[in-house]
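Novice: Please model the complete structure; the sequences and the hints are all you need to start from.
Quick mapping for you: the protein sequence lines, in order, are chains Y and P. Under the working numbering, think of the first position of the first sequence as 1, with each following residue one higher. Under the working numbering, think of the first position of the second sequence as 1, with each following residue one higher.
Calculated from the structure, these hints are not laboratory results. All the given hints hold, so there is nothing to weed out.
Here are a few chain P residues that sit away from chain Y, every Cβ distance over 12 Å (derived from the structure):
(1) K7
(2) I20
(3) N39
(4) P72
(5) Y93
(6) H184
(7) G188
(8) K190
(9) V193
(10) E195
(11) N197
(12) A225
(13) G236
Derived lysine-lysine pairs resembling BS3-like cross-links, with alpha carbons at most 25 Å apart:
(14) P:K144 <-> Y:K223
(15) P:K214 <-> Y:K147
(16) Y:K253 <-> P:K311
(17) Y:K218 <-> P:K118
(18) P:K226 <-> Y:K255
(19) Y:K223 <-> P:K118
(20) P:K331 <-> Y:K253
(21) Y:K253 <-> P:K347
(22) P:K94 <-> Y:K218
(23) P:K144 <-> Y:K226
(24) Y:K167 <-> P:K214
(25) P:K341 <-> Y:K255
(26) P:K311 <-> Y:K238
(27) P:K331 <-> Y:K257
(28) P:K226 <-> Y:K253
(29) Y:K238 <-> P:K331
(30) Y:K253 <-> P:K341
(31) Y:K238 <-> P:K341
(32) Y:K257 <-> P:K341
Virtual Cβ for every residue (Gly too), placed ideally from N, Cα, C.
Chain by chain, the residues:
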Amino acid sequence: MKIVVCVKQVPDTKGGVKFNPDGTLDRGAMLTIMNPDDKAGLEAALRLKDEYGAEVTVVTMGLPKAEEVLREAIAMGADKGILVTDRVLGGADTWATSTTLAGAIRNLEYDLIITGRQAIDGDTAQVGPQISEHLNIPVISYAQAIKVEGDSVIVERQFEDRHHVLKAQMPCLITALAELNEPRYMTPGGIFDAYDAEITVWGRANLVDVDDSDLGLKGSPTKIAKASDKVRKGAGEKVTLDPTEAVEYLVGKFKEKHVI
Amino acid sequence: MNLEEYKGVFVFAQQVDNKISGVALELLGKAKDLAKDLNTDVTAVLVGSDIKGLVDELAEYGADKVIVVDDPELKDYRTEPYTHALSEVINKYKPEIVLVGATAIGRDLGPRVSARVKTGLTADCTVLEIGDFPINAIPGQEQKHNQLLMTRPAFGGNTIATIACPDNRPQMATVRAGVMQKIHPVKGAKAVVEEFNPGFTPDNKYVEIMDVVKAVTDSVDIMEAKVLVSGGRGVGSKENFKLLEDLAEVLGGTVSCSRAVTDAGWLPVDRQVGQTGKTVRPNLYFAIGISGAIQHVAGMEESDIIVAINKDEDAPIFDVADYGLVGDLNKIVPALTESLKAEIAAK
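Specialist: See below:
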């Protein structure tokens, strides 16, 4: 079985994120990580590899620095990393991004494509389903469990108040939820391999069946009219008291505000 | 693409088990505003099986016209037949705007449709208005009027971007539940009804539904709650949520949570507040053992009063809290519950 996993390098918004005094985000403090939903997708692929034997190819689109997430993926157990990077791809919205990734994936053989449901920087959840449309294959979004049966996948697809158990013929695309699994750590041997691994780098010329007019900022149907950092209302009072005093303080505030 | 051909504001009228989803009614309310500015009308697109009985409800909430796509293949949501239905409606009726709820259905259907009809889609919009693009005229560049300007948070709510789709039609947006307002229903209102069936021929993209498993817990709508007692990873265990339930009970509130809690399986997904969960704005919001990742804050920062209880004095949740208590939730929460119980009993 051949599995393609799409991953994105994103700024880490957990933990280290701090606000400036004016309520905007302190961007200087941020590190980059592999997007969490994508990491769950990669882990799902690696478990299928453990169980059935599979070749796992990881694809990312981004700046040259994004090869870091490919090395991380290889250190976790992926077989191959492909970086799609080119100046003409810059400024792409989800439509142009999915067109680009589909153009790259057309070079590859695959039974299954796995993407994360959404990235924590854009939060759109669009690129996975759009890739499937460009490649004309079925999509199952919001996967919370995946298994393979012959030439089909059986997936638990999450909704707000239920889940569906869906069966699709491969090739198909699945978008993974972070709750699908607990991603494994990189192994020492894996890190060694990742350090030596050759990352394949593709540019515009390697994209199959894609028009120039569909790429990058120019090829993006959506355009940014304006962008600004959101100003938050800011912190109120913060107190460190023993539990009895803390409760008295809060109950006092509740009376003041007519909460009780 | 002749943009002038595209007219009217369309809403995907999501139904599940033949019940219209609240977000669809909210979108009809917004669509009415937009249609007024554009001097056009509002069309609901109702897709499902045996659903004609839902038409009047859509009319009462603001639809001037309802396009009904009714076919047995559309009984339960599946990506391909629904994508085919909505895409064919767009190809035939050429709307200038299509609004879709940012639900687990809409966030799958919207992207697939936008890719098929080749247009832009802006996710999770919080403001929709009609205006110019570019917003300020730029010499040498055409300024287009009557564009849909779609404002959305990005980066977990820390950046606000306003997005336009000037050269493609329709202009598509998804909006989360609870963001737009329903109109007061106009009893007895009627819409022009048009039935349309583009034909459904199953192929490999029609995935098979082997089972539909509904969540067994009592479904709770945390978006309706006036008081939310929300817990995070810091609560420590599923069992320890009893402390939060007791507090919620005293205040007539509901227990909700951060994503870490649903990821751990302590509470079901319908209780999750935040960017991937629900947007809430109760009168009183407790964030207990929640560090305050920006994805969580994006879903609750509009609450009237925010109380944070956390042992880490540097937790980012304190940056948005009106009242922050640094300390052990296991001691503070039960003491608070008892104190409030006594105060309320004394009244």
